Amino acid sequence: MTASDLARCTIVLCVVLAVQNTLLDAIRVGGAHPDAMLLLAVAAGYVAGPDRGAGFGFAAGLLADLFLPTTFGLSALVGCLLGYGTGLATRGLVRASWWLPPIVAAGATAVGLCLFAILGAVLGEQGALRTALVPALVVATPAAVVLATPVVRMVGWALPPVSSGRGAHAGTGLR
Amino acid sequence: MARTRRPRRPRLTIGLLVLASITIITLDYRGDAHGAISSLKSAASDAFSPVQRGVDAVTHPIGSFLAGAVHGGQLEEENAKLRAEVGTLQQQQLSGPATANALRSIDALNHLPWTAGIPTVTAQVIALNPSNFAATIELDVGRRSGVAVGMPVTGGAGLVGQVIATSASACTVQLITDAASAVGVRFGPSSAALAQVDGTGAGKALTVAYIDPGTVLHKGEVLTTSGLSDAAFPPLIPVARITRYSSTPSSTEESVTAAPVADLEQLDYVDVMQWPPPG
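Just so you know, the protein sequences line up as chains A and B, in that order. Number 135 in the working numbering belongs to position 135 of the first sequence; there are no gaps in the numbering. Number 7 in the working numbering belongs to position 7 of the second sequence; there are no gaps in the numbering.
Keep in mind the hints are simulated off the structure, nothing from the lab. Nothing false has been slipped in among the hints.
Selected chain B positions facing chain A (Cβ under 7 angstroms, derived; list incomplete):
1) SER21
2) ILE25
3) ILE37
4) VAL51
5) THR172
All values derive from a computational prediction rather than experimental measurement. Ideal Cβ positions, reconstructed from N, Cα and C, are used throughout, including at glycine.
In isolation and in its complexed conformation, chain A is listed as follows:
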């Protein structure tokens, strides 16, 4: 990763964090809100494959953890697993369709929220599974559909396709 790649990744992470912490956190339905930081990990896996997706997801999660009251490192763990999983699951897909990123984003966000709730419950976060998961799924999953296109575009700019090797990727499919 070059210095300019690192700068682009930092810019995208900071912009999405600012949008999440100021605007998206304020959109609350039943106590839940959209989760763009989780979506960053999904978009990274979709755009850049499992390897870089895991790294970017880890960074996004760790950054989100700095502002969350939940156990530190939990979002980082979910982020790297989600980035890796999304990269693996979408590796063979043809990325020409505009509707693919929203569908991937919705499915992966739902998986990520469930993973977060299960790991949170294991770590003693009371109510993560019992009361918080359903509102989070109802609000964050449709929101992921809406936010998928801009987030995938931003992550596509931050993580351009590598020129050679097995990690080469076909791009976002968004024109």
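Fit chain B to the given chain A structure using the hints.
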């Protein structure tokens, strides 16, 4: 023959990242790196709070304008109600000092701290529920303003929650609706009965535990902080109103739900009580 560079193996990357995450989680969970993680969170919060305040300053008037346009009629009605309440309060104020003196004397006899005498720091809410899995708010005051972990936070007419983390210029408050929140309360004609109000998640009803079956309860009855020794809150702060209660012959306690007295969905300004919990 040209040799191609061997690509990095994704399994190694994910393995290292998972290991790093688990290490961080373990350090935080066991409290071994609590100081370092708190400092890191505090620095991040301080660095980010000007952005949060700036965006809030821009978006808040827009939100208020839109809310005003949509709820114009309702606001007029609320204004009329508030004017009536101001009249009632002015009336009560005239007879207030004598009553307050009497209550102060009684509390002094019981060695209870007097809630009205506790200094407070007024704060603005700059973020609501940053996590989908915890009911918390962020305030624009921190250690620099004398705010410390454990201090109670009140807003509107009742208890909002308790400070759980601070930075120099901001703090995080766990709301009483958070699933990890438990507040000791008292109720009844002589406020002698004790119970515990538990949160069940943001925007959800509170549950009240440890009430014996057959206890006389009333809908709308206000539960106040118990103020027992070692309690996390000073006494007599209104916490919740009973909304529903029932019991079955085989149950060992009443099934009681309650609603917070403070409107936790419409918090704008709150007071942080500079009352550190004992111990």
